[in-house]
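2 protein chains.
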Amino acid sequence: MLDESLLSTRTSRMGSSAIREILKVLARPGIVSLAGGMPAPEAFPMDHVEGLFGKVISKYGSDALQYGTTEGFTPLKAALAKYLNGRGIQTKAEQINITTGSQGVLDALGKIFVSPGDAIAVEAPTYLGALQAFNPYEPEYVEMETDEQGLIPESMEEVVRKHHPKLVYLVPTFQNPTGRTIPLERRRQIAEIAARHNVLVVEDDPYGQLRYRGDHVAPIQSFAPEQVIYCGSFSKVFAPGLRVGYYVAPDFVREWLIRAKQGVDLHTSSLSQALAAEFLAEGLMEQHLPKIIKLYKPKQEAMLQALRDFFPDSFRWTEPEGGMFIWAEGPKGLDTVELYHRAVEKKVAFVPGRYFYTREGAGAETMRLNFTMADEETLRAAVQRLSEAIKET
Amino acid sequence: MLDESLLSTRTSRMGSSAIREILKVLARPGIVSLAGGMPAPEAFPMDHVEGLFGKVISKYGSDALQYGTTEGFTPLKAALAKYLNGRGIQTKAEQINITTGSQGVLDALGKIFVSPGDAIAVEAPTYLGALQAFNPYEPEYVEMETDEQGLIPESMEEVVRKHHPKLVYLVPTFQNPTGRTIPLERRRQIAEIAARHNVLVVEDDPYGQLRYRGDHVAPIQSFAPEQVIYCGSFSKVFAPGLRVGYYVAPDFVREWLIRAKQGVDLHTSSLSQALAAEFLAEGLMEQHLPKIIKLYKPKQEAMLQALRDFFPDSFRWTEPEGGMFIWAEGPKGLDTVELYHRAVEKKVAFVPGRYFYTREGAGAETMRLNFTMADEETLRAAVQRLSEAIKET
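In the order they appear, the protein sequences are chains A and B.
When we follow my numbering, the leftmost residue of the first sequence carries the number 1, and every step to the right adds one.
When we follow my numbering, the leftmost residue of the second sequence carries the number 1, and every step to the right adds one.
Honestly, the hints are just simulated from the structure, not real lab data.
All values reported here derive from a predicted model rather than from experimental measurement.
Below, computed lysine to aspartate or glutamate pairings styled on EDC-like, alpha-carbon distance capped at 20 Å:
1. LYS294/B with GLU42/B
2. LYS55/B with GLU50/A
3. LYS59/B with ASP47/A
4. LYS24/A with GLU255/B
5. LYS59/A with GLU50/B
Partner residues are not named here, just some residues of chain A that face chain B (Cβ under 7 Å, in silico):
6. TYR67
7. VAL114
8. GLN132
9. PRO136
In this text, a Cβ means the ideal position worked out from N, Cα and C, and glycines have one as well.
With the hints as extra help, turn the sequences into a complete structure.
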């Protein structure tokens, strides 16, 4: 019999994740999950999708089903260049590459930059999926401090000076898990630190378009295009099941990312890319995005109101201007993993915050709440039940 | 400025490939490429694809656009189990996982099994894309000898005993690059050797359904399901642009492959998977496959006849019963890279065989010829021009 003694050394960093275990209960009937990170199915442009498909087939024919280049589908890259320029990102079509979801570029970045033991600097807390992408390449994580305005530039500078990280990984806008957005002035500082210390910043931006209040903030990439890899995705604004992400990166980084991707999947689904290309080219992004925002904004408001109405005074939470998450922090000593199990008995689930930290023991009193999947009434009731579970501590 | 000094140590195995360089000329107008490995666009079921899409949307609705599990789309796994059982593969739906093309599982296998310096046993010659998937995990390759009937089991046993490879990688049916098929009796021996030495065999089978003559040969997996990872794909029988592959593997291997895939792309395109599920469930595979075979069989015959008519007596070539490739071998001393450049002047391209070997200097006199992309007349003219280039040596 074959057994786990055959496994590579790097699998010691890919162990059964505690979070996967605790989230298994979500399959139980009747549980309201505030744990997910999925868009609401009502946010998909179902009424446009058959029309889009017809257009793709008549316009691109068999090209939509044939092998494509690893770099990505040319019409999609052209449409993205126009779109991204409008959002302040400095790029030309040939500087954009397509990935299988944003996840794809994170794996490739780990592969080309991280030798075992190399440092990656991350926000504390940070996006769990990025850690899962990087882990097999055996990095050492160094946490950078954050406050209500996200990453503290001085902390980044200290970490960069001390640890020389291969990558500084950031979700600057409506961060997963906190929902926080780094303000413009800090972005300028971050770009300036990156340039001064010649360090590579990964600006992961899957949520930036989901803004419910306030003004668009220019991406860090716009201040230092030679130091920043800007990563975007169609998952939150069109459909995650298509698995279409993209990035803009300095030339030599892009060349190596392509080599890495070629070994992993040759290229991203041609059909998915052609659908995304038409979605942009037909102006459906502009047309559809307001509908998503109209759907999510009241959900977020309902959750915030419920938190104010039901959560104990000892709790604080973020009030993000967009995105999909609210981050709540209980009093010191609270263990949200323990709370999780009580909450599940009351048919409500969330993600305990500790899983978003790389330091053992950090974030024990925190939790991530998602508001995109349930309706307002259900969200309110779920927060009420969650606060009952809290009060039983 | 950031530069390549930042790169990980493993990128030393991901260097600019010579083959990519020489194949750049394919973009020149007027060249007939026998170098590709793509299905003919006429082989795609274009007349069914809009109907399939409509069915997918009416049957699965937003599920076809939503995030899915890393394991794969349940209806596709169910349809595949039935289909694979019919081809002699021992499996249940829950033992099948979906990947982003077959390429996806090769990357994941490298990740979970290969520590730097670990051995991978490969046929000489072997599939180049597998090497590209494995290379970043820094294996040492050990070549196993082949003859007209593919892998020689005694050579496999010797290599396994001496080098204890983590993986024995095989394309047993209509191999890329040679087109050779390992006969039944050798498959039994290979399974027996794998079991006796407790070694993991990767049975990569993208071409098995493209049989133009002779009888189906049972997969190695059917003789040793606990030792074999069987990998298949929709790329050659439906559409490669969908990027849908699958594998059947022993339980513990599957669990680790899922963890690896989660970090790389979360899951394979839901839409692509739903289309593949309906393609199988609606019986379109049985209906469409004969059309592909009818398209490719005369192309292969035309190429074989042209080889007989034009190639010098000093050449030998395979006469495969299926697949997409013919493998030709010139006299000792021939350098097919040099020949390649002369052939390109005559507007015909192929892949010099040396790129399919892991040993420096091996295969200098060999070449891979693809016959799926051009029509019979063009193929004949291309082989004639190629033989003129040979005779000018």
